[in-house]
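Participant: Now for the letters of each chain:
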Amino acid sequence: MSVYYTSTDHFVLLPALLLALFGCATLLFDFWVFPEAKHRRWLLIFLVLGEVFAGVAYFRQQMFLVSHGGDLSAFHGALVIDHYALFFHWIFLVTTLIVGLISYRYLEVRDEHHGEYYGLLMLAQCGMYFLASGTDLVTIFVGLETMAISFYILVGFLRSDQRSNEAALKYLLLGSFSSGFLAYGFSILYGIAGSTRLRDIAAAVSTRDAWNPILLLAMATTGVGLLFKISAAPFHMWAPDAYEGAPTTVTAFLAVGSKAASFALLLRVFIGPLGPARPSWEPLMIGAAILSMTIGNLAAVTQTNTKRLLAYSSINHAGYILLGLIAGNPTGIMGVLIYVLVYTFMNLGAFLVLTSLTRRGLAGEDINDLRGLMKKAPGHALAMLIFLVSLAGIPPTAGFLGKYFIFLSLVETGHYVLAVVGCAYVAVSIYYYFRMVKAVFVETGETDMPPLTVSFGTRVALGVTCLLTLGIGLYPEPFLRLAQLSISR
Amino acid sequence: MPSNLLSIILFTPLAGLLVLLFIPSTQKRMIRLWANIVAAAGFLVSIPLILNFNKDLDGYQFVERADWIPSLGVQYLIGVDGISVLMVMLTTIMGLIAIFSSWDSIKEREKEYYAMFLLQQTGMIGVFISLDFLLFYIFWELVLVPMYFIIGVWGGPRKLYAAIKFFLYTLAGGVLMLLGILTLYFQHATQFGRYTFEISELMKLNLPLGMQQWVFWAFFLGFAIKVPMFPFHTWLPDAHTEAPTAGSVILAAVLLKMGTYGFIRFSLPLLPSASSDKTIVTILAVLSIIGILYGALVSLMQQDWKKLVAYSSVSHLGFCTLGIFALNQSGIAGSVIQQINHGISTGMLFLIVGVIYERRHTREIKEYGGLAHVMPNYAIVFAFAMLSSAGLPLLNGFVGEFTILQGAFDANRVWAAFAVLGVIFGAAYLLWLYQRTMLGEVTNEKNKGLPDLNWREWAVFVPLMIWAVAIGVYPKPYFDILEKPVAQIVHRVHQTANTVANAPAATEAASR
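Top line first, the protein sequences correspond to chains A and B.
The numbering used here numbers the first residue of the first sequence as 1 and each following residue consecutively.
The numbering used here numbers the first residue of the second sequence as 490 and each following residue consecutively.
Note that these hints are calculated values from the structure, not bench results.
Heads up, some of the hints might be wrong.
[Claimed, not checked] Partial list, derived from the structure: chain B residues whose beta carbon lies under 7 Å from chain A: (1) S560; (2) E630; (3) V642; (4) I653; (5) A661; (6) V664; (7) F675; (8) L928; (9) V931; (10) N933.
Beta carbons are placed, not taken as given, at the ideal position from N, Cα and C, and that holds for glycine.
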């Protein structure tokens, strides 16, 4: 192989290549090979196949890292595979798989079942790959846009639904706005370092004072762009609308996958190159974290649409995850990773239950649609209880583990006030999560509602998320090891 | 006797719950029967614990240790000393009684109801036997969810309000307590280089007074809301009034004791200098006395029978916390005994309200009067429970209150003087309640022809009455079993307090 494309480069890039190939192939297959509606399941199987291939590639990378130690850098430092990146790649993989599985029935019911959906899921995941693995500003930006553009389309996937269209447009406008910010920040960083490699930027930043105005500008614009992406307040305005309008399955993907990927990038940039500038970005992050928790919690209290409620709750969770970054010590970083991990499963699970509420002629998005779920589908109801309790952070569910690390890191670094604020908002969040619990268990719904239609895929997905949400809480040791591995450099 | 007896006690209800899930919810009789069998089994397996407990040994017994989350230093570490063994027995006995008493009163969604009770049972036992702080915390929070449902699903008219209020209050205290726990954990790691939640390890910590005080207040919020101490008591009347009878019984008899137990097990030994700090002790004693008097006075004014009993709990628990912060042998021992007594007598009082509520579906005191003519056996049982609660000599309440007052008197005479007022008020509201409901002529037509106690209700009351008399007449075994652990705590608090008083600078330096 040539110097432009070595075997290491190939080894590192392979999963992304596979995802892109399978994604594009799905688009073509939909057009040529399986144009008929009844063949659409083959596209889902195709997606599963693509994920299996990508999974094998990840597995080989992981094995390589375990046996050789260190990390694998490719394309002259534009891409890296380390345990940190792999940790996120696994999360993206599981997320995409689960979203794919639950989408089939949902799209059928909404009469918008088109094959390109599965292709877009994989292309979005491909973008996420570059967010977690990219170590070059250009690579990262291209990855970000790949993901974002796939999402713009996915959010507006319900073509005949006005709200879906509105959501897509809003998301597109605000999303490109934030990308602009990010590009601006990246360009200044390039100006500072004369290179787009993160490690060159790190070297250039460390020679400057944290309050250097140019650096400050770069930090602030990059920060704002990324805070947009993780939907942290005060840059959260797009989230409730986009979450509400998007197909529920896409909402789940957006709330989990997109957010996890953006956090992967945020952490890499702010702990890595911008690490020395901590004094200047810490106030920004503290402000964003407190605002996110405040706005997320207080706005969630009054919501009657479950997707909007979960949107605000996800803003709140973004605030908590930011607290881990603010603490910034190994426990805090570990907290971010664990939090993202458990958030993935519990939030996916909650959206999954909401998805299965959608039936013909019933959106199932009002909090009252949850009423009497215990009578109709006890399994779903119990799973929902586990997810909500976990979202609220009550042991012995996985959600507690995330909060545990965040609080511990705050205590360790002496951020006692932030810790107390975080604790106080846990109590507030109980209120709105338990409004849903109340609807599920205590209140009784109309009896003439059509029964739930649950596909095999949904059942599997529900089982997996439920088991993990409970399992990570009860026996977190292997997951902690994995996270610990990811932060050891 | 198996070596993992405590685990068996802990997981019997949970195992029963798992089996219960497989019984179809239409098999109502089967569900009830199974829940009672599991509760009885839970009690039976706890009997060897008290029989084999050696009161002459220091430290913990029946200890079981296993790594749970090694990378965090969390262990599955359980064991009992004299204090917790009594609490475990209280939990298993009251759990059986509460479940048995639900036989007739719960008519819908039985499966979920009993499932919640069994889950709660495991949670409560776990709280009392955990020797690892994080394990304790997990059980502590685990208890909240079932109680939320018990109040929220099977409760009275304002059940949802009461349930969420209960949940929010206790959870808010709980998470702040978690911050305190994490602070200790982190301090221990910086001083000893090892992350652990083991309580006996954390006790080796040498913290400056200032930090101890902060941690103390964090713990205080967790425990005081649970007890509940004045001014955090406002969730209690709502929760008690709206909960179904068995829920109230468990809430009063066991759940509130988690708070007082927390003070004794964690606040005092882990934060000795803060717990013996003059300001803190005074604040807690004053809050306890306010609780005693306020609870009693508010009880006098209640129109609702159940709410009256609920407020009386505030008053009685005030005695318990006063005893703890007298910081001497009789105060703390009395407090533990009073906690058991409160479980028995207030449990009985709630059951008594439940009996009449099932017959008349109202709890307004003025609806009743002269019930003694209609239901003589019921009146006898009520008189018994009332006198036990009011602290009549030869019944259990007297032993606890007397010992606490003795301890309080040793610590500060003024406290004792105010607390005695509480005893008098206590007698007043209980006797007045009895007079208004039981004595005189039958004024309300609807009360004529009410059936007296049936055999199931007798079966609930008789063991409690026997237990009450047993404690009242012969309390020595309880004092014996409590002597060692309480002496240890008292010793620790005073010893550390003295060293701090003598050499504050040295401790400061050592902790850096």
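Participant: Please go over all the hints and tell whether each is borne out by the structure.
Facilitator: Consistency of the hints with the structure:
Contact between S560/B and chain A, as hinted, is supported at the beta carbon level, the nearest pair being about 5 Å apart and thus within 7 Å. Among the interface hints, the one on E630/B holds; its C-beta lies about 5 Å from the nearest C-beta in chain A, closer than the 7 Å criterion. Evaluation of the V642/B hint against chain A yields a held restraint, the C-beta minimum of about 5 Å falling below 7 Å. This hint holds: I653/B has a C-beta 6 Å from the nearest C-beta of chain A, less than the 7 Å allowed.
With a cut of 7 Å, the hint placing A661/B at the interface with chain A holds, because the nearest CB-to-CB distance is about 4 Å. At its closest, the beta carbon of V664/B sits 4 Å from a beta carbon of chain A; the interface hint therefore holds under the 7 Å criterion. Of the supplied interface hints, the one on F675/B holds, with its beta-carbon coming within about 5 Å of a beta-carbon of chain A, less than 7 Å. Interface hint at L928/B: violated, since its Cβ lies 40 Å from the closest Cβ of chain A, which is beyond the 7 Å cut-off.
Residue-level restraint check for V931/B is violated (minimum Cβ-Cβ distance to chain A is 38 Å; threshold 7 Å). Annotation: interface hint on N933/B violated; nearest CB of chain A at approximately 33 Å, more than 7 Å.
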